[in-house]
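Model the full assembly from the supplied sequences, consistent with the hints where possible.
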Amino acid sequence: MLMAAPMVLLLVTFLIYPSAQLFLLSFQKGGSFSLENYQRLLGTPVYLTVMMLTLKISVVTTIFAVIAGYPVAYLISILPKAKKGRILFWILLSFWTSFLVRAFAWIILLGRNGVVNKLLQTLGITDAPIALMYNFSAVVIGMVHALLPLAVLTMLSVMENIDRNLTRAASTLGAKPGMAFWKIYFPLSFPGVTSGALMVFVTAIGFFIFPALLGGRRETMITQIIIEQIIQTMNWGFASAVAVLLLAVVLLVFVLYDRAVGLSTMTGESSARKGRPGRKGIFSRIGDAILTGLGHASDAIIGLFPRRRAREGAPRPLLGFVIVLLVVMTLPVLLMIPLSFAESGLNWPPQGFTLKWYQQIFSSPIWMNALTRSLVVGFSTAVLALLIGTPVAFLMVRGRMRGKTALLAFTLMPVVMPNMILSVGLFYLYARIGLVGTNLGLIIGHTVIAVPYVVLTVMSVLRNYDTRLDLAAQSLGATPIRTLRLVTLPIIGAGMLSAFLFAFTISFDELTIALFTSGGMSATLPKQLWDEVSLSISPLLAAVSTCLFLFVTVLIVAVGLLNRRQK
Amino acid sequence: MSTLETQGLGKVYGDFVALAPTDLKVEKGEFLTLLGPSGSGKTTLLSLIAGLAEADSGRILMNDRDVTHAAPYQRDIGMMFQNYALFPHMTIAENIAFPLKMRGTPASEIRRLVQEALDMVRLPHIADRFPKELSGGQQQRVALARCTIYRPSVILMDEPLGALDKKLRDQMQFEILRIHEEIGGTIVYVTHDQEEAMTMSDRICLMNGGRIAQLGSPADLYFRPQSLFVADFLGEANLLEGRLVSGTDGEGVVRLGDASEIRVTLPRPLGHGAAVKVMLRPQNIRLEDTPGEGLNARLRSWSVTGASTKFFLDAPALGSEPLIATRATAMSAHAPEPGRDYRLSFDPRDAVAIPADEAA
Ligand SMILES: Nc1ncnc2c1ncn2[C@@H]1O[C@H](COP(=O)(O)OP(=O)(O)OP(=O)(O)O)[C@@H](O)[C@H]1O
Ligand SMILES: [Mg+2]
Numbered sequence: 001m002l003m004a005a006p007m008v009l010l011l012v013t014f015l016i017y018p019s020a021q022l023f024l025l026s027f028q029k030g031g032s033f034s035l036e037n038y039q040r041l042l043g044t045p046v047y048l049t050v051m052m053l054t055l056k057i058s059v060v061t062t063i064f065a066v067i068a069g070y071p072v073a074y075l076i077s078i079l080p081k082a083k084k085g086r087i088l089f090w091i092l093l094s095f096w097t098s099f100l101v102r103a104f105a106w107i108i109l110l111g112r113n114g115v116v117n118k119l120l121q122t123l124g125i126t127d128a129p130i131a132l133m134y135n136f137s138a139v140v141i142g143m144v145h146a147l148l149p150l151a152v153l154t155m156l157s158v159m160e161n162i163d164r165n166l167t168r169a170a171s172t173l174g175a176k177p178g179m180a181f182w183k184i185y186f187p188l189s190f191p192g193v194t195s196g197a198l199m200v201f202v203t204a205i206g207f208f209i210f211p212a213l214l215g216g217r218r219e220t221m222i223t224q225i226i227i228e229q230i231i232q233t234m235n236w237g238f239a240s241a242v243a244v245l246l247l248a249v250v251l252l253v254f255v256l257y258d259r260a261v262g263l264s265t266m267t268g269e270s271s272a273r274k275g276r277p278g279r280k281g282i283f284s285r286i287g288d289a290i291l292t293g294l295g296h297a298s299d300a301i302i303g304l305f306p307r308r309r310a311r312e313g314a315p316r317p318l319l320g321f322v323i324v325l326l327v328v329m330t331l332p333v334l335l336m337i338p339l340s341f342a343e344s345g346l347n348w349p350p351q352g353f354t355l356k357w358y359q360q361i362f363s364s365p366i367w368m369n370a371l372t373r374s375l376v377v378g379f380s381t382a383v384l385a386l387l388i389g390t391p392v393a394f395l396m397v398r399g400r401m402r403g404k405t406a407l408l409a410f411t412l413m414p415v416v417m418p419n420m421i422l423s424v425g426l427f428y429l430y431a432r433i434g435l436v437g438t439n440l441g442l443i444i445g446h447t448v449i450a451v452p453y454v455v456l457t458v459m460s461v462l463r464n465y466d467t468r469l470d471l472a473a474q475s476l477g478a479t480p481i482r483t484l485r486l487v488t489l490p491i492i493g494a495g496m497l498s499a500f501l502f503a504f505t506i507s508f509d510e511l512t513i514a515l516f517t518s519g520g521m522s523a524t525l526p527k528q529l530w531d532e533v534s535l536s537i538s539p540l541l542a543a544v545s546t547c548l549f550l551f552v553t554v555l556i557v558a559v560g561l562l563n564r565r566q567k
Numbered sequence: 001m002s003t004l005e006t007q008g009l010g011k012v013y014g015d016f017v018a019l020a021p022t023d024l025k026v027e028k029g030e031f032l033t034l035l036g037p038s039g040s041g042k043t044t045l046l047s048l049i050a051g052l053a054e055a056d057s058g059r060i061l062m063n064d065r066d067v068t069h070a071a072p073y074q075r076d077i078g079m080m081f082q083n084y085a086l087f088p089h090m091t092i093a094e095n096i097a098f099p100l101k102m103r104g105t106p107a108s109e110i111r112r113l114v115q116e117a118l119d120m121v122r123l124p125h126i127a128d129r130f131p132k133e134l135s136g137g138q139q140q141r142v143a144l145a146r147c148t149i150y151r152p153s154v155i156l157m158d159e160p161l162g163a164l165d166k167k168l169r170d171q172m173q174f175e176i177l178r179i180h181e182e183i184g185g186t187i188v189y190v191t192h193d194q195e196e197a198m199t200m201s202d203r204i205c206l207m208n209g210g211r212i213a214q215l216g217s218p219a220d221l222y223f224r225p226q227s228l229f230v231a232d233f234l235g236e237a238n239l240l241e242g243r244l245v246s247g248t249d250g251e252g253v254v255r256l257g258d259a260s261e262i263r264v265t266l267p268r269p270l271g272h273g274a275a276v277k278v279m280l281r282p283q284n285i286r287l288e289d290t291p292g293e294g295l296n297a298r299l300r301s302w303s304v305t306g307a308s309t310k311f312f313l314d315a316p317a318l319g320s321e322p323l324i325a326t327r328a329t330a331m332s333a334h335a336p337e338p339g340r341d342y343r344l345s346f347d348p349r350d351a352v353a354i355p356a357d358e359a360a
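Residue numbers (the numbering used here), protein chains in the order written: chain A, 1 to 567; chain B, 1 to 360.
Since the hints were derived computationally from the structure, they do not count as laboratory data.
Treat each hint with caution, since some may be false.
Here are some chain B residues pointing at chain A (derived, C-beta under 8 Å) [said to hold, decoys possible]:
#1 Ile77
#2 Arg103
#3 Phe174
Note that beta-carbon positions come from the ideal geometry of N, C-alpha and C, so glycine has one too.
And the structure:
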């Protein structure tokens, strides 16, 4: 139990305590108990509109991300190992490219003289640039683009555990391909769909980058109100009330999810529902009928085309769709790169070639300070998160104790809690203990959000590790400590390094906490980028974004090589 | 009439030949076992028959219909997978009903057939449970019921009992044979357990390196192996080196290393002077307590392996490998002294000459 103590301490002090503080603040006005914040929140039409719009954007984003992501995850799950890795690389690259960089890429893409407008004009669809940005669709496009990788990865974790023999068995039993998919594969992958939807929804609802950069004045989301209340009016009580409302919605969604599907499906441990002997309910019979109908319909459509002889590869249309989607996922960021070498403006096609933007960055103390700070904070966060998270992972995998599930749920709290709430809570706490604007404050905050990922990564490494090797080493006369040093660590080393890079990247890309707790001369790279993007966009920012993107690419490739060498 | 026939059926992965062009005919109602070491192409052959993999050469005929390029659902087959492959989100009844639903059987008929099938595998009361709530053996029976309920003309089984413990395995072997008899289908069965193959099969197709090494009844393979591989794979065998001196019509004489000559059986004609190995099963070697004329050997050690006792004997004439002979374990013959001499004798019908130049 001692092994989990540092993490418990960290989360209690810097997650639970600040959140509880916010909760209390939301019920105060002028130092005494009052419901005024909530009365204002629920009584002002503007805020209700914002709330409804936030829900609408999140729901629409979730639907699109899950529907587009499903075929991708499906394809990855059925491909042979080598090809799987290639597609997964592009997904991971998008997943790890920071939201800010991707939002910036969309600004350039959708701008008056951006690629899309130029393309429309070249094709003769429009004669003058049209307004593609600052509306609902732009926000949703950006957010779907941002969250698609998350949807794919969540669904994939369930699909990977579906036994491929099941659909093959179905086909030997007489099911045509469409039927085998809808009656066997789809129901088994459904927990993946729901958990993917849940993850996308709770992330989307806490977004502010996309509505702020791609939306118009109408497209305001709830987290933007929190930022506005704190940064402009310092109204802690009201900001807290909004944060509490946000948290309440997120928790409500989790509770509803648990009622409907069961949270246990999230861990991907059992894709089968619990046995309920007896007759099936009306809903499952309707569902069954629908799936049968879909099966017949798909088989009728498939029947229209000549059957391909080689049944072993992935279906061509699916492969085509996924490749197009991957291109759409990656292209916006790639198109931004040439613009960072353009002489002036962010017009497409880029004019001339210059390195002056890069020179400007590297000679600007502001950017260099921010870079140094981001590196220092990222490195420290990774070390700290690894030190705190690894023992917990050992405990979870090796330890024999009760309450493991509870501990895991506790560990995952920072994932569930919208970052905005954590950030506001930390800001309030730091303001009183003097950690605002310090690296230490940032490191602690980033560690809180990085620790769950470290625990999960190390856990998966340990799960694949054969503990008999330890026993073998000990039986050969090694002490437990030497066993750890000479046998266990070298073998799981690559996995640990991935966890380290994981944590580093999380910190390096983090904006929300930095937004509040790093001000003025103490900004991190994302914070600096955010400040400038909000003011104006320039090729210089494209250059910064390009640097960030390349940096992440290098990290992903490094992790990929590490994992390959390990196998 | 053969239910299933392959003609030159082959499969390659890259430049690796997983299955060399293979001809195989399975008769209606037959129980044929594919036996062989790991990687010998058993699963490959079975997947080709099932339509789960695409053939690179040759043809597959089922009931004289060419199904080489037919999808699995267009072939009249049932398949039992090693890990059962029961659908975890369906109840047992739904699992068993699945193939009938796919064939558009009316609901009332389905209900009746499912109950019949459950009775047949002796699990009448588990219709509403989910696969997870069954033991391994029970899941196995359900899988059996599911792939037989629609009476396919060929049932394929890929190591269906591989995951079960010894006792359950014996029980399930019996169960599969009983159901085979009851429904009278043709079964192609994969295993790498030779005992299982010998017990269950009408014929065994012994495979090695993507080819058929020998095809025949269990007795054929056991008593008349045509290659060293077959002799070695099925049961224990002593292999004595020698040269064929004379031989006609299934019988011959082999000269061993020490120039002594023994009478042997020739399963197939061989040229005079051919290098051969003579296969002698341990249980067919008689140990006479009084040494004398003929082959003599000295006891090196012995061990009781249960119903039989194994004797390891040195016979310099027969090569450096110890010769193994078995005797029924009995108190009367217990604890012989190592170093004592025996005379060996055997029936010529149990000594089989196999060409030695073939790769083992
Ligand atoms: N998809 C594949 N790609 C490449 N090689 C394959 C593939 N499937 C099988 N092989 C190779 O073909 C050979 C025959 O495999 P197969 O699965 O038929 O063997 P098996 O006799 O069933 O063995 P086991 O008893 O281990 O199940 C093996 O050497 C295997 O490595
Ligand atoms: Mg096999």
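**Asked** Checking against the hints above, which ones are violated?
**Response** Violated hint (a single one): 3; every other hint is consistent with the structure.
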